[in-house]
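Participant: Single-letter residue listing:
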Amino acid sequence: MSIQKDPEQSEIRHLRKFVDLAGKRVLEIGCGEGRLTWQYAKWTEQTVATDIDHDSLRVAKVDRPYDVENIVHLACADSHYLPFSKEKFDIAILAWSL
Amino acid sequence: MVHALHEIHRVLAPGGVLIDMRPLGERWQIEVASAHEIRETGRVMDLPEQVNDDLAANEAMKEVESRGWYARDKEEFFPFLYSWDTPSEMEEFIEEDWADFIELSNDVKKATRSAWALGNADSRVRLRMKVLLARWKKL
Chain E
1 MSIQKDPEQS EIRHLRKFVD LAGKRVLEIG CGEGRLTWQY AKWTEQTVAT DIDHDSLRVA
61 KVDRPYDVEN IVHLACADSH YLPFSKEKFD IAILAWSL
Chain A
99 MVHALHEIHR VLAPGGVLID MRPLGERWQI EVASAHEIRE TGRVMDLPEQ VNDDLAANEA
159 MKEVESRGWY ARDKEEFFPF LYSWDTPSEM EEFIEEDWAD FIELSNDVKK ATRSAWALGN
219 ADSRVRLRMK VLLARWKKL
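If you're matching them up, the sequences are chains E and A in order.
Here our numbering is used: position 24 in the first sequence is 24, and no number is missing along the way.
Here our numbering is used: position 70 in the second sequence is 168, and no number is missing along the way.
Next up, chain A with everything else stripped away, as it sits in the complex (with noise of 0.2 Å):
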């Protein structure tokens, strides 16, 4: 990573921009969402690769910080949402997708599953990561 950020670094002009963003593993939100309210039922588990690949980052960054190739100017954090159409599918594409990064325990499912059938005609679930927005300044 820090090879990487060098290689960034090289081919930005003076002053210019280094944006990182990426969704942190902070056990992301399962809920089912209507029209009319969105009910939370519950988060997945952080598997240690999605720890260690959030750790890595964050330890890139400090090291290119310290040997003065960026300096920090600002970050913030947002929502981003996946949303489908039952539970089932979401629970499908973790599987197929993520299944390196996160789990769903089998209460959650079964909270969600629960929460969708009871819920408005139009209720979808939805996974609520937190991503971070940093910007870096090239020095």
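If we strip away everything but chain E, and leave its shape as in the complex, we get (with noise of 0.2 Å):
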């Protein structure tokens, strides 16, 4: 099947838009295999990229492209006790999983 999803790139053209994400620290949350991921993390300090779905998260860590190898951390975690201290991120997205 060949699908494509967001042939235009509107999402990461519109979120660069509307939030600077340059040199901050982002927790998204829900982020699958990383599709949106991938497009902004490269602009970021450091990115958080939680799922609570386990194979989402073991495709993402094989996708992980090598540029942003130091910036995106993968993890685990449930929306609902997530395993950060407090005052850590400067921006969260809530990536489709609200």
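Certain hints may be false.
[Stated by the list, open to error] So the derived list for chain E, only partly shown, Cβ under 10 Å to chain A, looks like this:
no., residue
1, LEU15
2, LYS17
3, VAL68
4, SER97
If you're looking for bench data, these hints aren't it; they were derived computationally from the structure.
Beta carbons: idealized from backbone N, C-alpha and C, even for Gly.
Take the two lone chains and join them into the complex the hints point to.
Facilitator: The following block contains the structure:
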């Protein structure tokens, strides 16, 4: 099956115009396989991308681009109990997950 | 949802920003598109689960706003496209992945197949979602 998601790249264009990610510590909730994460992470200081689904995270780990290897950290986490200390992030992104 | 939004509030730094990005179930448009034209062939039907998910998410944001955790800063909408080579691929995808959320009527299926069959060689079938992008400031 040949499926294209967001071939016009609307999502990343709108997100970048909407919020300044440069040098920020970002928490993404519901990263799935990292489709959106790989597009914005390179501008951030650090991105922690979380999802509750192990299988999606496994794919994300394999697909993680080399240029964001040291920027993006993947974590399996339930958004109801985030395993992070308080006030750790500048931006939280609920990516299709609320 | 409210509990999760409270957790996010806890890990956000003072003045931090919450971005809520999600598709809204508003009878997404189906279209057949080529380099020369885009033809709408109908709309999907939103099933109760899709409608209820949207309502629950909106209610949760209202609740955390009323509790003084976040303030709405900015909101906009943008289109997000899914695109397939053929109508049958789209139908298969919807049945496998979104059966709980949306449905295609037989009329829309027929109209899409017909428009695609009569379209240009580069015609693809697309589904145009409406996506909410909202920015909330941590208070």
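Participant: Determine for every hint whether it applies to the structure shown.
Facilitator: Okay, the hints, checked on the actual structure:
no.: 1; hint: LEU15; verdict: 7 Å, holds
no.: 2; hint: LYS17; verdict: 9 Å, holds
no.: 3; hint: VAL68; verdict: 19 Å, violated
no.: 4; hint: SER97; verdict: 7 Å, holds
When each numbered hint is compared with the structure, a violation occurs for hint 3 only.
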